[in-house]
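Asks: Heads up: the protein sequence lines correspond to chains A, B and C, in order.
Numbering of the first sequence is given in the working numbering, commencing with residue 1 and proceeding in unit increments.
Numbering of the second sequence is given in the working numbering, commencing with residue 1001 and proceeding in unit increments.
Numbering of the third sequence is given in the working numbering, commencing with residue 2001 and proceeding in unit increments.
Don't read these hints as lab results, they were simulated from the structure.
Heads up, a few of these hints could be off.
[To be verified] As a list, the in silico SDA-like pairs of lysine to any residue whose alpha-carbon atoms are at most 20 angstroms apart:
(1) A:301 - C:2414
(2) C:2410 - C:2163
(3) A:302 - A:235
(4) A:302 - C:2432
(5) C:2302 - B:1414
(6) C:2410 - C:2109
(7) A:353 - A:422
(8) C:2302 - B:1168
(9) B:1226 - B:1351
(10) A:410 - A:221
(11) B:1353 - B:1221
(12) B:1301 - B:1348
(13) A:301 - C:2301
(14) C:2428 - A:234
(15) A:302 - C:2301
(16) A:302 - C:2413
(17) A:351 - A:224
(18) A:301 - C:2416
(19) B:1428 - C:2301
(20) A:301 - C:2420
(21) A:302 - C:2420
(22) C:2428 - A:236
(23) C:2410 - C:2422
(24) B:1302 - A:353
(25) C:2226 - C:2420
(26) C:2301 - B:1432
[What the hints assert, rightly or not] Chain C is nowhere near these chain A residues, computed Cβ spacing over 12 angstroms in every case:
(27) 109
(28) 110
(29) 221
(30) 280
(31) 340
Ideal Cβ positions, reconstructed from N, Cα and C, are used throughout, including at glycine.
Listed below, chain by chain, are the residues.
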Amino acid sequence: MKATLKLAGTASLALLAAAGAALAQDTAAAPEAPQYALASETAYIFNTLLFLLGGFLVMWMAAGFAMLEAGMVRAKNVSMQCLKNITLYSIAGLMFWITGYNLMYTGVDGGYIGSFGPYAFDAVGGNALDTGYSTASDWFFQMVFCATTASIVSGTLAERIRLWPFLAFTVVLTGFIYPIAGSWQWGAGWLNGMGFSDFAGSTLVHSVGGWAALAGALVLGARTGKYTANGVHPMPGSSMPLATLGTFILWLGWFGFNGASQLAMGTIGDVTDISRIFANTNMAAAAGVVVAVILTQVLYKKVDVTMALNGALAGLVSITAEPLAPSVWQAVFIGAVGGVIVVFAVPLLDKLKIDDVVGAIPVHLVAGIWGTLIVPLSNSDATYSVQIIGIVAYGVFTFVISLVVWLILKSTIGIRASAEEEALGLDKAEVGIEAYPEFGQGSQRV
Amino acid sequence: MKATLKLAGTASLALLAAAGAALAQDTAAAPEAPQYALASETAYIFNTLLFLLGGFLVMWMAAGFAMLEAGMVRAKNVSMQCLKNITLYSIAGLMFWITGYNLMYTGVDGGYIGSFGPYAFDAVGGNALDTGYSTASDWFFQMVFCATTASIVSGTLAERIRLWPFLAFTVVLTGFIYPIAGSWQWGAGWLNGMGFSDFAGSTLVHSVGGWAALAGALVLGARTGKYTANGVHPMPGSSMPLATLGTFILWLGWFGFNGASQLAMGTIGDVTDISRIFANTNMAAAAGVVVAVILTQVLYKKVDVTMALNGALAGLVSITAEPLAPSVWQAVFIGAVGGVIVVFAVPLLDKLKIDDVVGAIPVHLVAGIWGTLIVPLSNSDATYSVQIIGIVAYGVFTFVISLVVWLILKSTIGIRASAEEEALGLDKAEVGIEAYPEFGQGSQRV
Amino acid sequence: MKATLKLAGTASLALLAAAGAALAQDTAAAPEAPQYALASETAYIFNTLLFLLGGFLVMWMAAGFAMLEAGMVRAKNVSMQCLKNITLYSIAGLMFWITGYNLMYTGVDGGYIGSFGPYAFDAVGGNALDTGYSTASDWFFQMVFCATTASIVSGTLAERIRLWPFLAFTVVLTGFIYPIAGSWQWGAGWLNGMGFSDFAGSTLVHSVGGWAALAGALVLGARTGKYTANGVHPMPGSSMPLATLGTFILWLGWFGFNGASQLAMGTIGDVTDISRIFANTNMAAAAGVVVAVILTQVLYKKVDVTMALNGALAGLVSITAEPLAPSVWQAVFIGAVGGVIVVFAVPLLDKLKIDDVVGAIPVHLVAGIWGTLIVPLSNSDATYSVQIIGIVAYGVFTFVISLVVWLILKSTIGIRASAEEEALGLDKAEVGIEAYPEFGQGSQRV
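Start from the sequences, fold in the hints, and give me the full structure.
Replies: As structure tokens, this is what we get:
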């Protein structure tokens, strides 16, 4: 629970500082003892540094999504995915400042929404020791989570959504949907009050992105020719090494995603917990890969590299709701189930004729639900009933609002490229620049 | 102002330590009180860690330039760009040790140049607490800035410059031009004495690189067939995903570039400032992207992905001269103008028949001038007149010396590949290894 | 010497803390003085943070190997290299927990092997200040070294080894061979007792990986058609930019590899040493590049970009056995010889008809031996005789055991793809997904 942890982090600072002060003075203690001040200052720097480190690692995940998606779409749509990814990251940065942060974190008070208005950073040379960390570092760290949510949507809808409606949805998602939903838990809103638990965002980030993507996929429809009378027509991605690179980038960034969600590094307890989180996060991803590799070998007699990559991501999403409490065995189990989910959910979606170009719905939505549901296995503060309430609440809210927004966009500016544009490829139709002008015949093939 | 900040950083350490010591002792205080020592030691570690973190992030920018350029040149010249980028980074490392660091930072004393000779790092187990940070960490951090300058030149001159004259210029640039020019400001030279302000190098790094590139482009001439009687012949880059990856790498590295230019992290004021810098840096880049996307849509009816990428970079360069003082609104404005600059300066250069393969001159030179010029908007210590003096001084010095060096190289070993080599591609002509031997017909096309 | 340094690090913490305590009390001193506790806590956080930073940087090297190998194999085998690299990293994570860590680090006591059984991390909120760092952070950092060893093998055997025998070998290598061999030195085993010196693993990681790869290459044989009556048939890699990206990733990761092998950052002496290590590591790599560039120009009249990349890596491997003690001049010399080694060892291997697809044996084995051998040049605690004993011991053990394992795998499940599968490419034969389905005719060419 990010919000709770944040409070706990700050509280523990105070406690520890107090303990330090107590320790410092065997008998009578002055609360303003020098050790207190010193511990607070050092802790402030460590906490802020954690946000900055975690922040740049999660920012790097934007590149990971860009590469994963660039590798998983056909050559004629690669420039478009690149363009969408760098632009959505930019929009998230602007919107999470204009409305997002305050909607999510300011004055939620057990309710359903924060307050409106742009966020104000620390002054230059800020010296507000009592916050426990720099507010700008916190903003930066929370902003990159918001951007991650938007990245998830981008992959599912690739190869047939037009640029501008996608960007318009991104504005709504990053400026309103994600922050309002997020306020319920990390903003210390009603779900947090009930005891819902989602450490780093299996639900708040990944499922929210997944629900928004699912709503979009339903409104948008499948790519032309994907589902035929003769079954599913494969449309293989243009570059497996780029997809692999993207996955490695995401895996790396996830250490910041989960690790820095501890929200404090100024005590040995906190930094030790961050270390556990690093190890558990890696274990879950590793288990997701190994399970996906073995399962695809058994089921299909060949090892599908895209399943191995998505197995890693599903393991990572699964452990994200609770990367701290699990024992190593539990982390391996949680991630391994994530790997199983991907192997079965990807073809299931195709059966339902829901066209998810990169497998983002299995990875982020389904594994996100699994990860959130299983929290009580290792964390006794969480209960299955409240976890289900949270999962349903986030699902209903995000899916319904997203559906409405997609439908409005569809009925106004339109969201889908024309059949000719889709056949030509969005790179030529909307970007004007081919991704690989000298290789193959991207736009003529498939 | 890096030099000033560096002194200020160290000074503030001492002040803060003194304050801590004062706090520690309600009444009479011994300056060598234990809290003082402790604070200094912790601050030393934080400061050094900042240089190491910033250093590896900026080192990573060398890979960003390599990928950006590999994606923006045609397939027949990709191996050459890869080779140039890893070699120029290596040369910068060697030259900034042999002559660079001391020319830039040692004994400038308000003058125009430092002293000659290789730089000496700390001894093993170095314990010189009074410096406030490890000297080797400082060297490493400053070295990667020097390498960045050389990376800028590489992109502009791609596809027709030969390897060895380029490397020869790199030796002069990284060993002499950049350090001598840099000494004027960050080495506490004459411009620093006048009150010139360039926090992280809009001018010292980016414009200097841009001026050197411009001089080279003028001496070298455009690629054969680029400017014809029928107008500008487009020569599209071979891989948009690699260009996108490069841009994301540069964006990530920029947090180190600007953030660690605070030069100290051992006080809460410093780490809070670093956080502001992270947020402002991200805001400016985001604004640059969004503006470039909107502008190209309006102007060309299609969104040019290379403009979006260069918009990010121009936003980053623009905010680099002063990433700390601006409010968020100002950071957005500064970055947005960077985006405008790129959209208009790229075709303007083509009108002038200056062939800049990756758009480095608009991004690094023009946006660098803009960023430096606008510092007084947010930083009241700077004045427009002194900023202009600095911009002109750096421009004249770098452009003239670079021009002379390029002309000498041209008249001695020659700098340009023959028409046949250019048509064949530099990969076959000089590297002997094609970048993509199995794809397309790189060397036969365009 | 990692183990020794680890002890030294902890010891120096205690010493420094004690010194702090002594300083704190001008006259009589209580050892449990508040400054002692504070210094230890701050040092604990710094030490743990170093492991986490170093750990994620070295984890990132897994992506570096993946990209390097994806770029150096032909298009028809790229998906397979991607799959192998993400899977081997996952296996290493699981095995280094199940058996590896304890075999390497627990209860070696001057002997030849540690104890069996999975490793237990810190409890949540762990507070064991006396260890000096979080045990989970240490596990994470050591695990990524284990993974690096497996990555080395992957490149050499590419394009003809089947997936499952490779993965089976990886299980043995990461779960048993690497940890048992590692215990001799970093686990405070017999070689450490003799005074062998290998700071960050020129021998323990790189040569061990190289010996295992050499054994595999001998058992597996060369690619069909590589060595013909008419000489060596070149099989150029499919993507030089990916190979370049991989090299830059490895270079970046190496700052974590060597820097964090200092194993402590909680004193100014330690962080100063880490800074020296950063600088020396960069210098050696830079020298390796420059020498390889010059040598290939002189020898072949063209500058081979793959040699420049391998020059960087060889410089990095060479400095890894002792990145702290050398002066800058010595670091340049050590790395430069690494560059020479690569330029001559790559064709030599071809003469011996040992088919090493990416040049891993020259880079990791031969340069690893060189780096280990030259330690006494700068580190007076090491002697040439003991260094040779260590090199031979690691070589004999790793090569013989690896050979046995490869031979067992060959005679049971078989290790080599059939001639048809090899011609078709492993992507179609075993992965079922082509790396670049729209480009060129990967599987029909070469």
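Asks: Decide, hint by hint, whether the structure agrees.
Replies: Here is how each hint holds up against the structure:
1. For a cut-off of 20 angstroms, the pair hint linking residue 301 of chain A to residue 2414 of chain C stands: about 17 angstroms separates their Cα positions.
2. Distance restraint check for residue 2410 of chain C and residue 2163 of chain C: the Cα-Cα separation of roughly 13 angstroms lies within the 20 angstroms cut-off, and the hinted pair is therefore satisfied.
3. A threshold of 20 angstroms between alpha carbons decides the hint, and for residue 302 of chain A with residue 235 of chain A the separation of about 18 angstroms falls inside it, so the pair holds.
4. Straight-line distance between C-alpha atoms of residue 302 of chain A and residue 2432 of chain C comes to about 6 angstroms, which keeps the hinted pair within the 20 angstroms bound.
5. For the given pair, residue 2302 of chain C sits about 17 angstroms from residue 1414 of chain B by alpha-carbon distance, which is consistent with the 20 angstroms threshold.
6. Note on residue 2410 of chain C and residue 2109 of chain C: the hinted pairing is violated, with a Cα-Cα distance of about 36 angstroms set against a maximum of 20 angstroms.
7. Under the criterion of a C-alpha separation no larger than 20 angstroms, the hint pairing residue 353 of chain A with residue 422 of chain A is consistent with the structure, at around 18 angstroms.
8. Our distance criterion of 20 angstroms between C-alpha atoms is met by residue 2302 of chain C and residue 1168 of chain B, whose separation comes to about 16 angstroms.
9. The suggested pairing of residue 1226 of chain B with residue 1351 of chain B holds, with an alpha-carbon distance near 11 angstroms, which does not exceed 20 angstroms.
10. Between residue 410 of chain A and residue 221 of chain A the CA atoms are separated by roughly 12 angstroms; this keeps the pair inside 20 angstroms, and the hint holds.
11. Taking the CA atoms of residue 1353 of chain B and residue 1221 of chain B, the gap is near 9 angstroms; set against the 20 angstroms cutoff, the hint holds.
12. For the given pair, residue 1301 of chain B sits about 19 angstroms from residue 1348 of chain B by alpha-carbon distance, which is consistent with the 20 angstroms threshold.
13. The suggested pairing of residue 301 of chain A with residue 2301 of chain C is violated, with an alpha-carbon distance near 48 angstroms, which exceeds 20 angstroms.
14. Distance check on the hinted pair: residue 2428 of chain C and residue 234 of chain A sit about 15 angstroms apart at the alpha-carbon level, within 20 angstroms; holds.
15. For the suggested pair residue 302 of chain A and residue 2301 of chain C, the alpha carbons sit about 45 angstroms apart, so the restraint of at most 20 angstroms is broken.
16. For a cut-off of 20 angstroms, the pair hint linking residue 302 of chain A to residue 2413 of chain C stands: about 16 angstroms separates their Cα positions.
17. For the given pair, residue 351 of chain A sits about 16 angstroms from residue 224 of chain A by alpha-carbon distance, which is consistent with the 20 angstroms threshold.
18. For the hint pairing residue 301 of chain A with residue 2416 of chain C, the CA-to-CA distance comes to about 17 angstroms; that is within 20 angstroms, so the pair holds.
19. For the suggested pair residue 1428 of chain B and residue 2301 of chain C, the alpha carbons sit about 12 angstroms apart, so the restraint of at most 20 angstroms is met.
20. With a C-alpha separation of about 18 angstroms, the suggested pair residue 301 of chain A and residue 2420 of chain C falls inside the 20 angstroms cut-off, and the hint holds.
21. Simply put, residue 302 of chain A and residue 2420 of chain C have alpha-carbon atoms about 16 angstroms apart, close enough for the 20 angstroms limit, and the pair holds.
22. With a C-alpha separation of about 13 angstroms, the suggested pair residue 2428 of chain C and residue 236 of chain A falls inside the 20 angstroms cut-off, and the hint holds.
23. Proximity of residue 2410 of chain C to residue 2422 of chain C is assessed by CA-CA distance (about 17 angstroms); at most 20 angstroms being required, the pair is judged to hold.
24. Restraint check: the Cα-Cα separation between residue 1302 of chain B and residue 353 of chain A comes to about 31 angstroms, which exceeds 20 angstroms; the hinted pair is violated.
25. Restraint check for residue 2226 of chain C and residue 2420 of chain C: satisfied, since their Cα atoms lie roughly 15 angstroms apart, inside the 20 angstroms limit.
26. Taken as a hint, the residue 2301 of chain C and residue 1432 of chain B pair is honoured in the structure, with Cα atoms around 9 angstroms apart against an allowance of 20 angstroms.
27. Separation of residue 109 of chain A from chain C is adequate, the least Cβ-Cβ distance of about 28 angstroms exceeding the 12 angstroms criterion.
28. Chain C leaves residue 110 of chain A outside its interface by the beta-carbon criterion, the shortest separation being 27 angstroms against a cut-off of 12 angstroms.
29. For residue 221 of chain A, the non-interface assignment is confirmed: its Cβ lies about 24 angstroms from the closest Cβ of chain C, beyond the 12 angstroms cut-off.
30. The claim that residue 280 of chain A is not at the interface with chain C is violated, since a C-beta of that chain comes within 12 angstroms of its own (minimum 8 angstroms).
31. The beta carbon of residue 340 of chain A sits about 15 angstroms from the closest Cβ of chain C, which is more than 12 angstroms, so the claim that it is off the interface holds.
Violated hints, listed in ascending order, are 6, 13, 15, 24, 30; each of the other numbered hints is respected by the structure.
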